[in-house]
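Number of protein chains: 2
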Amino acid sequence: MRARGLDALLLTSLPNLRWLTGFTGSNGLCVVTARRSVFVSDPRYTLQSREEVQGFRRVISPRGLFDTAAENRLLSGCRSVGFESQHVTHAQYRTMRRIFGPLSFHPTDDLVEDLAMVKDNGELALLRQAVRITDDAFRHVLEVIRPGVRELDVAAEITYFQKRAGAERDAFETIVAGGERGALPHARASSRKLRAGDLVILDFGCTVGGYSSDLTRTVAVGKASIRARKIYGVVREAQAAAVAAAHGGMRARDLDAVARTAIAAAGYGRYFIHSLGHGLGIRVHERPRVSAMSTELLRTGSVITIEPGIYIPGFGGVRIEDDVVLGEKACRVLNTAPRELIEV
Amino acid sequence: MRARGLDALLLTSLPNLRWLTGFTGSNGLCVVTARRSVFVSDPRYTLQSREEVQGFRRVISPRGLFDTAAENRLLSGCRSVGFESQHVTHAQYRTMRRIFGPLSFHPTDDLVEDLAMVKDNGELALLRQAVRITDDAFRHVLEVIRPGVRELDVAAEITYFQKRAGAERDAFETIVAGGERGALPHARASSRKLRAGDLVILDFGCTVGGYSSDLTRTVAVGKASIRARKIYGVVREAQAAAVAAAHGGMRARDLDAVARTAIAAAGYGRYFIHSLGHGLGIRVHERPRVSAMSTELLRTGSVITIEPGIYIPGFGGVRIEDDVVLGEKACRVLNTAPRELIEV
Chain A
1 MRARGLDALL LTSLPNLRWL TGFTGSNGLC VVTARRSVFV SDPRYTLQSR
51 EEVQGFRRVI SPRGLFDTAA ENRLLSGCRS VGFESQHVTH AQYRTMRRIF
101 GPLSFHPTDD LVEDLAMVKD NGELALLRQA VRITDDAFRH VLEVIRPGVR
151 ELDVAAEITY FQKRAGAERD AFETIVAGGE RGALPHARAS SRKLRAGDLV
201 ILDFGCTVGG YSSDLTRTVA VGKASIRARK IYGVVREAQA AAVAAAHGGM
251 RARDLDAVAR TAIAAAGYGR YFIHSLGHGL GIRVHERPRV SAMSTELLRT
301 GSVITIEPGI YIPGFGGVRI EDDVVLGEKA CRVLNTAPRE LIEV
Chain B
1 MRARGLDALL LTSLPNLRWL TGFTGSNGLC VVTARRSVFV SDPRYTLQSR
51 EEVQGFRRVI SPRGLFDTAA ENRLLSGCRS VGFESQHVTH AQYRTMRRIF
101 GPLSFHPTDD LVEDLAMVKD NGELALLRQA VRITDDAFRH VLEVIRPGVR
151 ELDVAAEITY FQKRAGAERD AFETIVAGGE RGALPHARAS SRKLRAGDLV
201 ILDFGCTVGG YSSDLTRTVA VGKASIRARK IYGVVREAQA AAVAAAHGGM
251 RARDLDAVAR TAIAAAGYGR YFIHSLGHGL GIRVHERPRV SAMSTELLRT
301 GSVITIEPGI YIPGFGGVRI EDDVVLGEKA CRVLNTAPRE LIEV
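Protein chains in written order, with my numbering: chain A, 1 to 344; chain B, 1 to 344.
Looking at chain A on its own, in the form it has when it is part of the complex:
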């Protein structure tokens, strides 16, 4: 804050609030100055915030969060206030300006996100728990996958398993995409029934203590065709090559290039239509971006996904994804779910 010439920070992003204060509710903000740390919420969260939020003065009011902050003079004595430009809407910004008239507001980007990018041991423990539940859910759901089962039944089974295993929730909407639907990288589970010969992409994760896992495996229903095995092999080798190459200190785009080059060399370059991966933690997609355009340096202690894929319209797709912790010279793969092509 001092380096940026700010007297105060106004934080409103819920994942960032949770990271900073422990609050898991749906409405809150936090003001940090050199002398004060204050948390604001509404009466639905009086009891909950008392349990969750430590080390902050708590102010609860049924009025709007900004109004409450103003009435309680939480920014008094401040002139220059930083706010989370990527999370404050233009409408909220106008409200802030109206309510706190004479203050000067300065957009900040990635302030908490930068701090949250390198994980400590407590955070890694939660990530490992989430990953373990997700890996177990994959092994479990193999027993459910067979011809005639709807994609959404498979998705329901995954969610049920993860929740009963202690996950707070699915980290994102489970993708189950069989046969030609596998060519849609972000297909939701549909009522389509699985058929013998389908490749099925399963992409799911769960959240534990606010930290999310993200796993993709592609399995064959019955015997995989020669073409399916070929494509699977290309993705598997590209994924393994990227895992072998990943470490802190390298440029994100250089890691992306490892997988992209391998897939292009096999002749499938135009079918790898998304980036290699993304940071993982208090958000399912967080920094760093691991794309062909990302000049960011990967940092030791970050957790990222490595998830190349090939998507062929009319045929289907293959994607294999692991979550890894970046070390100085290599990375550690958190997932234990098998990577060979499983024919169920």
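Check the hints yourself; a few may be wrong.
One copy or two, it doesn't matter: identical chains are merged, so the pair holds either way.
[Said to hold, decoys possible] With a straight-line cut-off of 20 Å between C-alpha atoms, the simulated SDA-like cross-links for lysine to any residue are: (1) LYS193 - GLN48; (2) LYS193 - ARG164; (3) LYS193 - ALA34; (4) LYS193 - GLU51; (5) LYS193 - SER37; (6) LYS223 - PHE66; (7) LYS223 - ARG146; (8) LYS193 - GLY166.
Treat the hints as calculated values from the structure; they're not laboratory data.
Use these hints to put chain B onto chain A, whose structure you have.
Leaving out everything else, chain B in the frame of chain A:
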């Protein structure tokens, strides 16, 4: 647009995009001018948007959405462009300004939301489907609730049931709050085991075709205490009074007052710590707000929730919630889940 002096609208909110174009993906924008309607997304959604988006020219590019819109000159010939102030972050706003330099940008509020507030028959059919699944899930989960079962097992069962019944997903994170946890209006399901004598608040919903249901029932595990029955009766009567009073054309705060007055008259006024309800549709919380401060007029054809509650720290809580369609002189309750106190 003409009334507001706008040459173009730039829409970026995903629920609004879905409402307008049918697109269900996670990245898109749409430009509407007097002569063009263009939808923009990235290559992950090439096939999906071809299936989903009708009546719009489609532009797909791996670059940022605003960059793609600029490169394809989608705003050429425009001077005055409206954007969704409540959904565009301050950072996105700065990006827009940088990329589209000389254009003049005008914040709009609730433009699509206003149109989406009154439901047509197709929308009501989807809402009814979502409500039916949720009601069925409630009846089903009564068989699961018993002493010793964890809240999160109950939540998992609800999710599993709804998904298998055809819901796209839970409309929001299921609340299962037993005993003293019922005093936290937004308690997540925890690993707490249900105990004989608990009141348990169940608050959940699901999404069908983009439209969400939202149901709350409170049940007793075993025999309810006299105090529990008393409080339940107060909430039930307040809820019934508000349902009986609701219609299009009245002020939202007047409807809130019906339930609030009933609860206050019984001596529990200070324990009803949230608003009476909210609009329901393409978002779980949408306009109108039905609160003590909302001067908005309720509109015939809107769907709202009516959900008073009483929350007593150290004891627990009761909330009863139905989804209703507002008619000109009355409302129609969509839910069929029983409202009497069930002792399971």
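Practice task
Please name the hints from earlier in the document that this structure breaks, with their numbers sorted from lowest to highest.
Solution key: Per hint list: 3, 5 and 6 violated.
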